[in-house]
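Join the two chains into one complex using the hints; note that each chain is given alone, in its own frame.
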Amino acid sequence: MAILEVKGLKKHFGETDVLKGVSFSLEQGQVLAIIGSSGSGKTTLLRCLNFLETADEGEVLVDGKCLTGRQLTEGEIRQNRLHFGLVFQNFNLFPQYTVLENITLAPKLLKQGTEQENRDKALALLDKVGLRQKKDAYPHQLSGGQQQRVAIARALALNPQILCFDEPTSALDPELTGEVLRVIRGLKDKNNTMIVVTHEMEFAKSVADVVIYMADGVIEEMGTPEEVFDHPKSEKTRAFIGGVQQVF
Amino acid sequence: MFLPVTLQLLMGFWESLKIFLLTLAFALPLGLVICFGSMSRFFPLKKLTRGFVWIIRGTPLMLQLIIIFYGPGLMFGLPAMPRFTATIVAFVINYACYFSEIYRGGIESIPRGQYEAGQVLGMTKGQIFYRVVLLQVIKRVLAPMSNEIITLVKDTSLARIIGIYEIIWAGEAFIKKGLIWPLFYTGVFYLVFNGLLTILFGYLEKKLDYFRS
Numbered sequence: 078m079a080i081l082e083v084k085g086l087k088k089h090f091g092e093t094d095v096l097k098g099v100s101f102s103l104e105q106g107q108v109l110a111i112i113g114s115s116g117s118g119k120t121t122l123l124r125c126l127n128f129l130e131t132a133d134e135g136e137v138l139v140d141g142k143c144l145t146g147r148q149l150t151e152g153e154i155r156q157n158r159l160h161f162g163l164v165f166q167n168f169n170l171f172p173q174y175t176v177l178e179n180i181t182l183a184p185k186l187l188k189q190g191t192e193q194e195n196r197d198k199a200l201a202l203l204d205k206v207g208l209r210q211k212k213d214a215y216p217h218q219l220s221g222g223q224q225q226r227v228a229i230a231r232a233l234a235l236n237p238q239i240l241c242f243d244e245p246t247s248a249l250d251p252e253l254t255g256e257v258l259r260v261i262r263g264l265k266d267k268n269n270t271m272i273v274v275t276h277e278m279e280f281a282k283s284v285a286d287v288v289i290y291m292a293d294g295v296i297e298e299m300g301t302p303e304e305v306f307d308h309p310k311s312e313k314t315r316a317f318i319g320g321v322q323q324v325f
Numbered sequence: 115m116f117l118p119v120t121l122q123l124l125m126g127f128w129e130s131l132k133i134f135l136l137t138l139a140f141a142l143p144l145g146l147v148i149c150f151g152s153m154s155r156f157f158p159l160k161k162l163t164r165g166f167v168w169i170i171r172g173t174p175l176m177l178q179l180i181i182i183f184y185g186p187g188l189m190f191g192l193p194a195m196p197r198f199t200a201t202i203v204a205f206v207i208n209y210a211c212y213f214s215e216i217y218r219g220g221i222e223s224i225p226r227g228q229y230e231a232g233q234v235l236g237m238t239k240g241q242i243f244y245r246v247v248l249l250q251v252i253k254r255v256l257a258p259m260s261n262e263i264i265t266l267v268k269d270t271s272l273a274r275i276i277g278i279y280e281i282i283w284a285g286e287a288f289i290k291k292g293l294i295w296p297l298f299y300t301g302v303f304y305l306v307f308n309g310l311l312t313i314l315f316g317y318l319e320k321k322l323d324y325f326r327s
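Protein chains in written order, with the working numbering: chain A, 78 to 325; chain B, 115 to 327.
Chain B extracted, bound-state conformation (with noise of 0.2 Å):
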């Protein structure tokens, strides 16, 4: 039985890995550009942002799925995204606006002097951003991503809510042939993958060891 099982829950876990990695390329910079929008000095912007981050982060993101992916037809008669495609624009707008959050704080928390050692030296604000900010910045949001990225990793199950064959529903199906032990096995595929983000993550911090900030 181990084998079939085996290559079962490969199959869903590879569902899962590509909703994982599509929000990751994604979310990662739209989170940056939600960030400058609510830290705009166009106060409308700033404002609109923020509500829209309140919203997303405020709700389950199983509704966020389920009304993406049915919302479209019933609210407007407009033919339906492909399962995945909806799943896919659902992770991204939540997650971008979780990350947006962390960006801001890592972004804010950099005292001011930085900027200003950097406008006395004539550069410019994108150098300043770039040369001086960006990398201490990371170094902060570091631990908070991961936190969320291994969030992200679990999250990935809630896509079977609009018929995404994840690795979990891959693995629920054994229990009408009376096995449990494939749910037990789903979970050490998430154990074992975020045991190697962790290590990920471990070792970008210890890259960043050399300064504080």
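Same shape as in the complex, but just chain A (with noise of 0.2 Å):
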């Protein structure tokens, strides 16, 4: 069974309709890495998937389990944010925390695991993404590519079931962007459901399962890297592609 499914999901604000039914499904272990330019829905996407915005219609189910269709209380909304993890362009720390606390801050408070678990946990991440020795710095002490990789364990420190990342290296200057896409690249593994917005198209391509191309608020392509990039069948994806190779 699909670990994500999402059916006809809509949402518009105001005049503007920026998702007009967006149906696609994801199997455990896959990355699914979204491409598409400024507008195209992209990120709005993420945001209803994590509940940040509510969808007018259509349906997120979770290993199978519905969590949209009705009027949700404040408490369903935070159980139903917990499926999900998400790593912002704009990284979000937390500034009057160290990075050891920025990890262990949410499993504190939502009371998961003692203390000690949690601190052994954090630093564990910290391993992950390379940053042990910054345990106890505090965010602005820490570049950007830095910093983004905090976020990752952050959000890793709650065990989502799917991992979201909005334009995770858009913030960063060139060349901090390796660093923080090796450790994306290293999340991936069988337990580890990703879903990447980016616009590192070299990226999306050699580390994604599945490739979205969005334009004007549908899926306009869906395909393995191979499909979209080498072979698309749509005039509108092959122009997108055709123009941001022409660029490099």
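Derived pair list, reagent style DMTMM-like, types lysine to aspartate or glutamate, alpha-carbon separation capped at 20 Å:
1. A:313 x A:293
2. B:239 x A:153
3. A:97 x A:136
4. B:321 x A:213
5. A:265 x A:303
6. A:198 x A:213
7. B:239 x A:130
8. A:267 x A:140
9. B:321 x A:178
10. B:132 x B:269
11. A:97 x A:134
12. A:282 x A:266
13. A:198 x A:266
14. A:142 x A:104
15. A:97 x A:82
16. A:282 x A:307
17. A:185 x B:230
18. B:239 x A:151
With the Cβ distance kept under 10 Å, some of the chain B side facing chain A (calculated, not the full set):
19. 225
20. 232
21. 249
Keep in mind that the hints were calculated from the coordinates and are not lab data. Even for Gly, the Cβ is constructed at its ideal location relative to N, Cα and C.
Here it is as structure tokens:
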């Protein structure tokens, strides 16, 4: 069974239809890359999945369990959010907490595990993103790339079933994107299901199992990286990928 | 002459200090309540609160003191409040409104991403406010608050208009005896006290210097 199923998701802001019925599904351990120009609805899709926006219509199912469809209480929304993790474009670390505290704060507030367990786990995650030596630093003492790696560790600390990345390298200087992309690539295994909204085409091509090209609030094309990048069926996709490749 | 003048001024200063401390004690929390009102998503409450803040901030504290002291009696035939109570009521309302606007500015300056980061980590609204946002707000409002609090020290002198024997009144009384220096002496009281407050706020700012927001 698919770990994530999205059916006919719609969302509008004022007069603009941002999502016009988006459907796809994802298997456990798969990496989905979502590409597309700005304004195509990629970020809104992620925000709907994380319940930062409420979709107007459509369903989101995780492990076959429907999370949407009726008026949800705040507590239910909070529960639903825990199926997903989200790494933001601007990191959004909590500035008054150290790296370690940033990672352990949510598990502590959600009363998951003992203090020692949370601390050990946070340190293990910091090993994973290569920042154990920075555990006592404050966010402003870190580079953008390091902050983003901490943000990834913070999201992982809650064991989300699906980890989402919203343009994780867009706010970084070019020389810092590599370290973040390497970390994301390193997370790829059968336990981590990931959705990455990205403008890094090479990265999408090499890491993703499935690629979605979005345009004007719909999925214009979906397939394996080879299908979407090398043999796009749709005219729009061809134009977008051709355009991106011309830049380089 | 120095000792009796000092004692007189100390008596006046004690009144000023009481106004200062009681106003802070009530206006700091009341300001937060007014702030939440002015940020409410319930439109009538928001408009009402903002209208109230506009009136209080738009008229002189001296006028408010006079109206709160004489108003209830002259308008509704109610017994007048004691002078000191009326003073505290007027100061608390006035300063709570100023504080509320400083708080609002601080809260609204926190990037939305901080709230969203808390949300996707499954935190409740209360947890996000107290554990994520609040300290950042305090850091941001410290400088404007220190300004406002120093102004409060000096504003306590307005209370004499409804007959509170505060320090400037105490100093002025010596003019009749041909002495001007006690008035300068009252200034020394203000300077020393505000100097202490400045040191205190400097210390707090340093305390919160360990992070950038």
